[in-house]
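Here the protein sequences come in this chain order: F and H.
At position 308 of the first sequence (counting the first as 1) the number is 308 in our numbering, and the numbers step up by one without a gap.
At position 258 of the second sequence (counting the first as 1) the number is 258 in our numbering, and the numbers step up by one without a gap.
Please keep in mind that the hints were generated in silico from the structure rather than gathered at the bench.
Hints may contain errors.
[Claimed, not checked] Below, computed lysine-lysine pairings styled on DSBU-like, alpha-carbon distance capped at 30 Å: (1) H:LYS284 to H:LYS317; (2) H:LYS317 to H:LYS228; (3) F:LYS142 to H:LYS43; (4) H:LYS228 to H:LYS284; (5) H:LYS67 to H:LYS200; (6) H:LYS228 to F:LYS142.
[Claimed, not checked] Coverage of chain H stretches by chain F, computed from C-beta distances (three or more under 8 Å per stretch; other residues unrestricted): (7) 22-32; (8) 102-108; (9) 123-130; (10) 155-168; (11) 262-273.
[What the hints assert, rightly or not] Derived CB-CB ranges, DEER-like: (12) F:ALA200 to H:ARG18: 47 to 57 Å; (13) F:PRO288 to H:GLU338: 46 to 56 Å; (14) F:ASP111 to H:THR315: 53 to 63 Å; (15) F:GLY129 to H:GLU338: 51 to 61 Å; (16) H:GLU257 to F:ASP294: 21 to 31 Å; (17) F:GLY280 to H:ASP50: 46 to 56 Å; (18) F:ALA258 to H:ASP50: 19 to 29 Å; (19) F:ASP41 to H:LEU54: 36 to 46 Å; (20) F:PRO288 to H:ASP314: 47 to 57 Å.
Cβ coordinates follow ideal geometry from the N, Cα and C atoms, glycine included.
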Amino acid sequence: MVAVRHLDTSAIGWQRQGLIPGYAPELGQEAAQVGSGYAVDTTRDFVFPTYREMGVARAMGVDMVAYMSTHKATWHGGLYNPLESRLAPIQAVVGGSVLHAVGWAHGQTLDQTDGVAMAYFGDGASSQGDVHEAMNFAAVMKAPVVFFVQNNGWAISVPAERQVAGGSVAARAAGYGLPALRIDGNDVVAVVDATRRALAHARAGHGPVLIEAMTYRRGPHSTSDDPGRYRSLNEERDDAGEDPLERFRKRLLADGVADEAFFAEALAAAKAEEEHVRAGIQSLGSRPGVEMFDLVFQETTPALQAQAANWREESEHV
Amino acid sequence: MSNSILESGAAMADGTPRRGVEQLSMQQALNRALDEVLAGNPKSLVFGEDCGRLGGVFRITDGLQAKHGTGRVFDTPLAESGILGMSVGLAMAGFHPIPEVQFDGFAYPAINQIVCQIARMNYRSRGTLPMPITLRVPSFGGIRAPEHHGESLEALFAHVPGLKVVSPSNPHEAYHLLKYAATRPDPVIFMEPKSRYWQKGEVDFDSADPSGSPDGGSPAGGAPTGAKVMREGRHLTVVAWGAMVARCLQVAGLAAEDGIDVEVLDLRWLKPIDEAALAASVRKTRRAVVVHEAPRTSGLGAEVAQLITQNCFDTLKAPVERITGFDVPYPSGDLEDEYIPNIDRILFGIQRVLEYRRG
Ligand SMILES: Cc1ncc(C[n+]2csc(CCOP(=O)(O)OP(=O)(O)O)c2C)c(N)n1
């Protein structure tokens, strides 16, 4: 969590310094992200993220330079291998990949494996028709899917109460006959526990589960957003609740599991990691232009080949 | 298609037994193709609305569930975006989905998944997540169907990077093109001309042109192209696809009575377009007419006309003519015959091109 907090904050700095053109921060959502990502079994499960799942990716062990490359505008989906990392490419269409999770999960049923698909989405995305189709499909097909909703209070400038009719996203699950858990998404232990239970439920063949993790996006929606136009700093402080990192720290200290030295070490490790990731993305060159043509199809077309040849001829960067 | 292949049970050059020629409707040919694809590839799946027990509203998937099981052939909830979005996940899990949308107009609710997801996933994932999805779309008009049950979406699909588009014009093409499309690693939109579903024709199962590619194999780049000359002619090339091919062949027959020798080119692959075959035909006849049902503005006819202009400008004797539907919402049954290019309109178009004189 410390590493994620540190990397997240650094990424905003990198954007301000012009190292990356943009970033979608997750300040305040670390417990929801790290806790759920940590519960995933990367030998058999598969995760379908949005554009804000850095903490999930980090918890799953995805290479952070490859992950951040999407924010460097190097390649849309990121440079990590989705099949090896078990993380689908970064998804910019809100709600776009929730149905993919259902399809992948149904594939596991057909193949008689026990993998579970984890679909991440936000309170805003829950308004998309695709999310409703996905819940219905998954319930009808008893597909092993965990719908993991991070209700961070906002969809850019629109608060959850102006976004979600019926009070909560979790309430919707009942309409599809699937069990839902509404949890404290700022309590990492509760998140790990709920995610594990949901994964076990789906893995055992009982069908999909929805988790609504109640959290709060503390900073801006993205590095080009100005939250001052829709909420005040006072509101932000009052609504955000206790910092999930502070909360976990207190708990570890109280339980005697960790001491101050442990946290100092964690921070030092986070700083070293930040340096590594910064150096990595700094040295990331642009992709060779020919990839633009080569990666459209598995079997290219004559027209595309002709366009590539034309591009080669008329451009400098061969 | 010669009948000689019926003569003996001798093997093909590659050792597979000959299967001969059969008279089938396009519906039967498509059904046969799906049956064989399911039998040949355990990862292929056929699904959509009413595809399973009913066998589809057009009966294209008739009997497939009984034969291949409910795991391989199944009904989905009634949600097009769901069907296509689920296909993405199944493809990611190593399956080869062959989804159906029940009617062309209902591909619209799934456009987000088709354009933003299916067409881009291979690119987004740098080739690690191919999308071997064959989307079957009963297409075009001519059956006096209700609103949204007869649309021509080819230009829309062909415009999207990452999609391939094909349309068969007869049972033989339907069988071979579907079998070929369903084994490709890229997404193919398979546009079935629903007005031709019940027309019978010869299907040559041993065709030397099984892939739909000009040489029966895999042309440069591995992508199937392959327009096909359906009737040879000297005076003018008519380019068409789907249901319009049969009509243009009819027109060619009528024109021949007046001594006009029309060549009919079935484009078959609307993306990628077989530029070489297009140019070869028009360089021979030096005149061209494109016929399609879709509205004219920004239609595929414009693309075909431009390719002809670019590749045959020096030999062209007249501007390329387009005979198309109009820029109006697809009309209801009573006006359908006014909208879809009919024999007279195509004949007039041919005449205009033949009589063109430089100013
Ligand atoms: C289909 C679609 N519509 C609009 C957008 C623009 N957009 C990006 S993020 C966002 C808000 C999403 O809110 P939510 O789902 O709650 O997730 P959060 O950003 O809060 O994590 C919007 C409107 C988009 N990316 N996709």
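* PRO288 (chain F) and GLU338 (chain H), beta-carbon distance inside 46 to 56 Å? -> About 53 Å separates the Cβ atoms of PRO288 (chain F) and GLU338 (chain H), which means 46 to 56 Å holds.
* To do: Look at the Cβ atoms of ALA258 (chain F) and ASP50 (chain H) and judge whether their distance stays inside 19 to 29 Å.
  => This hint is violated: roughly 59 Å between Cβ atoms.
* Asked: Okay, the stretch 22-32 of chain H and chain F, do three or more residues pass the C-beta test at under 8 Å?
  -> Coverage by chain F is violated here, the residue count being 0 at a Cβ distance below 8 Å.
* **Coverage assertion for the stretch 102-108 of chain H with respect to chain F, Cβ distance below 8 Å, three residues required** => Result for this restraint: violated, n = 0.
* **Range hint compliance [Cβ, ASP41 (chain F) to LEU54 (chain H), 36 to 46 Å]** => Holds - the Cβ-Cβ distance for ASP41 (chain F) and LEU54 (chain H), about 39 Å, lies within 36 to 46 Å.
* To do: Count the residues of the stretch 262-273 of chain H whose CB lies closer than 8 Å to any CB of chain F, then report whether that count reaches three.
  => Per the Cβ count (3), the hint holds.
* Asked: Do the Cβ positions of GLU257 (chain H) and ASP294 (chain F) conform to the proposed distance bound of 21 to 31 Å?
  -> violated, 51 Å
* Closer than 8 Å, Cβ to Cβ, for at least three residues: run that test on the stretch 123-130 of chain H against chain F and report holds or violated. => holds (count 8)
* Asked: Is it true that GLY280 (chain F) and ASP50 (chain H) lie within 46 to 56 Å of each other by Cβ?
  -> holds, 51 Å
* Asked: Measuring from beta carbon to beta carbon, are GLY129 (chain F) and GLU338 (chain H) in 51 to 61 Å?
  -> Cβ of GLY129 (chain F) to Cβ of GLU338 (chain H): about 36 Å, so the range 51 to 61 Å is violated.
* Asked: Do the alpha carbons of LYS228 (chain H) and LYS142 (chain F) lie within 30 Å of each other, as the hint requires?
  -> violated, 46 Å
* Asked: Hey, LYS317 (chain H) versus LYS228 (chain H), does the alpha-carbon distance stay inside 30 Å?
  -> holds, 23 Å
Hints 6, 7, 8, 15, 16, 18, 20 from the earlier list are contradicted by this structure; the remaining hints agree with it.
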